[in-house]
Amino acid sequence: MACNGLISDVQIENVYKDNKFVVTNSVSSYCIDANTKKTLVEIFDKDTANMLQRPIERTYFREKELYSDKTTTGKVVKHEYFILKDEFQGKKIASRIHPKEMDFYRANGFVEIQLDAAWDGLVVWKKMFYQFASVKDENFIKIAIQRYLREVKNMTIEEIGKAIKSDPFSVNPSHLKDSSNANNNFSNWVYGNCFGIGLAKMYKEVA
Amino acid sequence: MSIEIKIYLTPTQSEENLCFHAVVNSKDDYDLFFDLNETYESLMVDALNGKLSLEYFDKDNFDKHTYEIITDNYEENLNSFVEFLNDFYGLTAVSNTTNLCEHFGIRLVGAGFRGNQNSPMLESSQYNAMNSMHGIKTQLFAANNTSYRSDDIYILKAPGSLKLTLEATKKYEEPINFIRSIYDDIENEEINPFKFQDIEQRYRYQSIIKNLNDLNSQKRLKDFFVIIDGAELPITKRNYLKEQSKNIYNEDIELIGIFEAYKQRSDSFELYAEGDGKYYCHLKELSYSNYAQYEIVIAILRELNSFNTTRIKIFGKKIKPQTINITNIELI
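Chains P and A are the protein sequences, given in the same order. As numbered in our numbering, residues 243 to 449 make up the first sequence, in order. As numbered in our numbering, residues 87 to 418 make up the second sequence, in order.
If you're looking for bench data, these hints aren't it; they were derived computationally from the structure. Be a bit skeptical, because a hint or two may be false.
No more than 27 Å apart at the CA atoms, straight line, and that leaves these computed lysine-lysine pairs for DSSO-like [said to hold, decoys possible]:
1. A:K145 to P:K395
2. A:K150 to P:K280
3. P:K419 to P:K378
4. P:K306 to A:K281
5. A:K150 to P:K407
6. A:K281 to P:K327
7. A:K281 to A:K349
Sample of chain P residues at the chain A side, in silico, Cβ under 10 Å [to be verified]:
8. Y272
9. K369
10. K378
11. N381
12. D409
13. E447
Just so it is clear, CB atoms sit at the ideal spot from N, CA and C, and this is done for glycine as well.
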């Protein structure tokens, strides 16, 4: 395939295993054009159970406008989906795979990872050093966090001030959970409040 | 705490005349959600111009979709936008039709609408007017008044004019009477900034006088009116108001408090007065008017150590609510 020069499926296969939970995988790719490759990855545990709600989806671009500097282009990977089934969440599978992805991108000359982050995961992405591509998106989530702490957790202004200091993304994750009622967790509240959840464009520089 | 969005559809359907108002129903929340209007209004501008395109995630199907408002029909886009705010952000949104295309005041008095530095959405005079309005609202309505709604008081701008309106309801009888008495004081040239025994009431009165003068001084917003209970009252004593707002804090004051570090750069020090908060005490005026006395004061200050809780008595003139021009100090 003409786009295979971008990155090979064998390399991709090696990335999406963590030698603990993810034992095997299957990779299928196709060229959107000579400079763009789309890859779908399925991952399986030791019992060959599919661990994903839908395949991991990555799009590799030889040239794409950078979120970090919209006046220029570069080699970019777009992270489309990585959604684990409920029973595999909380096992740090994604956070073990992410450094492997970073090494892999670095070795192949990628300059930026881009993704559309769902609101409920934004705090996590921010803590993994992803940046917002637009101030508007950042403001939406700040307001959502503040609304949650005020409306659901009934925190006072002083308590919110202490919890988020000057940056809502510094909030301790425990503030975004409700131990007595999981329906009141931030992620559930966001979905419960909305028909569809907004996606924020985020990026992380690879270098 | 609740957030309510009001969108006003104006007959002249241009971006210039869009009216958007995010209401947060308490003063504390106003401070917390300072970017609310700026954030949601930018979405509205895109929506009403038929240029809104947002990706969203459908959790049930684990799939991304695109939501668009892209028609050329202004009213249709407005209705879609109202639904969109509810569906996507869980906000209570309503749209009203108004014939007040000059009703831009609604935009000014929301939760801190301000644009940004490089692309200000308001003229500086409008921005200043908004700040003055916020100052008046702060003084009129107690922070813990849960019935308070920020659109109980707003500015109307007819061509070349500015109108401050306080909606009369039984709930707000006291604020309305209060501002009516201030209006009467201006018109009768009877401002007495110290007429209240209660110091909080006195500050409240002084602050509103200052803010009314600031509103009056906006070059682009002439012909200032106060509308109380539906009656339109033009403020005609502009020069008097200006003069009084300058003099309003010229009160001789003596205070006892704890000294904080002297700052050479501003030639001032801070004083914590028990139960009365922090005061900023300036010495520059004293150095001009009585240099010998200034040297005595400075000599006393040099001996003080801000790490100790040294109590001093200060004498001076109050020039702002928490700012004093010092004339003398004494160690206690």
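Hints and how they fare:
no.	hint	in the structure
1	A:K145 to P:K395	24 Å, holds
2	A:K150 to P:K280	16 Å, holds
3	P:K419 to P:K378	25 Å, holds
4	P:K306 to A:K281	69 Å, violated
5	A:K150 to P:K407	33 Å, violated
6	A:K281 to P:K327	70 Å, violated
7	A:K281 to A:K349	34 Å, violated
8	Y272	19 Å, violated
9	K369	20 Å, violated
10	K378	6 Å, holds
11	N381	4 Å, holds
12	D409	14 Å, violated
13	E447	22 Å, violated
Comparing the model with each earlier hint shows violations of hints 4, 5, 6, 7, 8, 9, 12 and 13; every other hint is respected.
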